[in-house]
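Sequence order for the protein chains is A and B.
Using UniProt numbering, read the first sequence as starting at 1 and increasing by one per residue.
Using UniProt numbering, read the second sequence as starting at 1 and increasing by one per residue.
Worth flagging that the hints you see were computed from the coordinates, not collected in a lab.
Just to be clear, a hint being listed does not mean it is correct.
Derived, one-sided and incomplete: chain A residues facing chain B with beta-carbon distance under 8 Å [what the hints assert, rightly or not]:
1. Leu59
2. Thr60
3. Ser62
4. Thr75
5. Pro78
6. Ala84
7. Thr95
8. Val111
9. Pro250
These numbers were taken from a predicted model, which means no experiment stands behind them.
Glycine residues also receive a C-beta, built at the ideal position from the N, C-alpha and C atoms.
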Amino acid sequence: MAQIKLSNLRHSYMPAPKGPDDYALKEIDVTWRDGGAYALLGPSGCGKSTLLNIISGLLTPSEGQILFDGQDVTTLPPDQRNIAQVFQFPVIYDTMTVGENLAFPLKNRGVDPATIKRRVDEIAEMLDVADMLGTRASGLSPDNKQKISMGRGLVRDDVNAVMFDEPLTVIDPHLKWKLRSKLKELHQRVQATMIYVTHDQTEALTFADEVVVMQDGEVVQIGTPVELFERPQHTFVGHFIGSPGMNVLPCEAKGDRALFEGHEVMLEGPTHGDGGRTDLGIRPEYVGFGDTGIPAHVTKVSDIGRHFVVSAMVGNTALKAVTEHSVPEPGSEVFLQFKPEQSRVYRDGWIATQERAQ
Amino acid sequence: MRTENQKAWFFVLPVLALVAFNALVPMMTVVNYSVQETFGNNQFFWEGLGWFEQILRSDRFQAALGRQFLFTFLILLIEVPLGIIVALSMPRKGFWVPVCLVLMALPMLIPWNVVGSMWNIFTLPKIGLLGYFLNDVLGINYDMTQQPISAWITVIVMDVWHWTSLVVLLCYAGLVSIPDAYYQAAKIDGASPWSVFRYIQLPKMKTVLTIAVLLRFMDSFNIYTEPFVLTGGGPGNSTTLLSIDLVKIALGQFDLGPAAAMSLIYFAITLLVSWVFYTLMTKDDAQ
Chain A
1 MAQIKLSNLR HSYMPAPKGP DDYALKEIDV TWRDGGAYAL LGPSGCGKST LLNIISGLLT
61 PSEGQILFDG QDVTTLPPDQ RNIAQVFQFP VIYDTMTVGE NLAFPLKNRG VDPATIKRRV
121 DEIAEMLDVA DMLGTRASGL SPDNKQKISM GRGLVRDDVN AVMFDEPLTV IDPHLKWKLR
181 SKLKELHQRV QATMIYVTHD QTEALTFADE VVVMQDGEVV QIGTPVELFE RPQHTFVGHF
241 IGSPGMNVLP CEAKGDRALF EGHEVMLEGP THGDGGRTDL GIRPEYVGFG DTGIPAHVTK
301 VSDIGRHFVV SAMVGNTALK AVTEHSVPEP GSEVFLQFKP EQSRVYRDGW IATQERAQ
Chain B
1 MRTENQKAWF FVLPVLALVA FNALVPMMTV VNYSVQETFG NNQFFWEGLG WFEQILRSDR
61 FQAALGRQFL FTFLILLIEV PLGIIVALSM PRKGFWVPVC LVLMALPMLI PWNVVGSMWN
121 IFTLPKIGLL GYFLNDVLGI NYDMTQQPIS AWITVIVMDV WHWTSLVVLL CYAGLVSIPD
181 AYYQAAKIDG ASPWSVFRYI QLPKMKTVLT IAVLLRFMDS FNIYTEPFVL TGGGPGNSTT
241 LLSIDLVKIA LGQFDLGPAA AMSLIYFAIT LLVSWVFYTL MTKDDAQ
């Protein structure tokens with residue numbers, strides 16, 4: 001188990017990268033606490049799998065260092081880093097039994113048979129596969145196969161970190177939550193640093209203590225699920241996390257107010273900086289209806305079970321609001337109220353309002 | 001669930017007719033010959049299983065069968081491991097992939113009788129490039145027209161040259177279908193190169209290897225053209241394989257009855273070995 005530090009990490013798949021566009025990863029500086037549960041969240045192609053492969057040692061970064069507990073492991077091969085990785089598609093050794101699969105990493109490291117047996121039994125019990133130890137691994141269902149590949153990582157008690165590369169992709173929806181809670185439980189039991197790569201916000205937010213949101217090879221925000229939801233540092237985070245995502249509305253910034261479609265909106269605090277493209281960011285959850293406020297025309301109402309998503313037009317700008325009751329009719333004219341403490345201005349995508357002192 | 005629709009039979013009819021025309025009917029004539037004796041004039045006399053007994057008891061048949069098994073065994077022993085090794089050392093991606101694939105496919109594109117002629121001219125002691133080189137440059141006494149050992153080596157090397165590519169291409173197809181994640185997982189698990197071969201590559205190649213061995217068995221067991229053109233079955237009878245002997249009996253001596261009986265025995269052996277091998281290889285998966 002180890003603290004993982006990535007320092008000035010950059011990676012390019014090209015032999016001679018020139019501009020920043022040639023880099024799959026641009027300048028990553030992150031420190032992950034020993035024993036933490038982390039998620040790397042971002043859309044496909046944002047560099048999260050590249051980052052994972054760099055940490056596990058399958059790729060060597062073009063620039064920068066990876067430190068495990070302060071020790072530089074940048075050039076070490078995967079088997080000397082003592083990490084475990086679970087892949088998108090379950091990797092199991094077809095000709096071996098479940099037990100042999102779990103014992104494989106220990107056997108390769110020359111661990112004595114008694115210890116192997118003890119560890120395998122322990123892990124099998126933890127993963128609820130103790131009754132399958134003697135069966136051929138090739139005939140298992142995908143979720144059990146994925147459990148076995150997880151088990152191969154956990155069976156070593158010297159693992160520095162366990163990485164998951166979208167491990168639930170091939171699992172049936174009704175088993176996903178089961179395996180996810182198993183993962184969470186395992187994390188609490190083995191206390192290993194776990195890094196979970198996914199493009200699914202639900203998976204990331206439920207698994208991780210801290211989520212790293214990535215876009216185009218850059219880290220846009222690192223924070224707890226609540227922080228990411230409540231105060232996105234970037235419009236991308238606001239839009240990517242939440243369903244529906246944050247409204248990003250073109251506006252003009254004036255002190256602690258924004259001018260949106262000619263209407264003044266109170267912000268959480270004074271804005272800073274100037275120039276650039278300014279947007280008003282507010283989550284649909286914080287857009288309410290009232291007798292006064294910003295006039296809007298309701299275009300659509302969708303019932304998504306727990307609540308309603310109202311699509312409306314203010315002038316020429318479309319936005320969404322979430323409400324549990326007082327649902328307006330499509331086609332009707334309403335007044336919208338933005339919660340001031342949840343209204344922020346973003347300059348060129350990055351947050352540009354100060355948090356109001358509590 | 002059982003379907004009661006009998007119309008399906010109707011759709012099988014064309015295939016049945018085709019197979020009957022090109023396989024069943026000719027084979028039935030062979031069966032017909034195998035149980036009868038003829039002295040010409042289209043007069044036939046019932047012979048029962050006499051020809052079969054005569055063939056099975058004959059030293060000549062037993063010797064040819066022995067040579068046939070030895071030949072097939074030797075070429076499988078060489079071609080299968082060699083094919084796996086070549087497939088493993090071929091590049092998986094990049095510029096050289098198509099180059100390697102085309103080079104591998106070339107020997108298989110050459111007609112069988114041309115292969116025989118090529119190797120004949122290539123290995124003739126005085127005028128062949130290899131024959132000359134071995135005898136006059138290296139001083140090795142090699143003459144495939146006179147020495148049984150030389151003839152055997154030449155026939156086997158020729159077959160290895162001609163057909164190892166088939167094993168290579170099939171194995172290669174199996175290898176490239178293995179996702180990268182398997183190799184990455186093996187790296188993380190600290191697996192040795194041998195373990196990677198034993199637990200990842202070999203199991204993934206099993207199906208294609210079964211097919212490769214089956215095809216090579218059938219083809220080599222029925223081989224005729226190449227050794228016939230190369231050595232004509234000689235020197236003496238040393239490279240007279242089963243099919244060469246069969247043609248000698250059928251067309252050389254015109255003993256249709258024994259030849260027909262021998263064909264059926266030959267066919268039965270090929271079928272039996274293929275069936276046993278295939279059943280054994282696929283038994284695991286069925287469980």
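Out of the numbered hints, which ones does the structure contradict? Checked against the structure, the hints that fail are numbers 1, 2, 3, 4, 8, 9, while the rest are satisfied.
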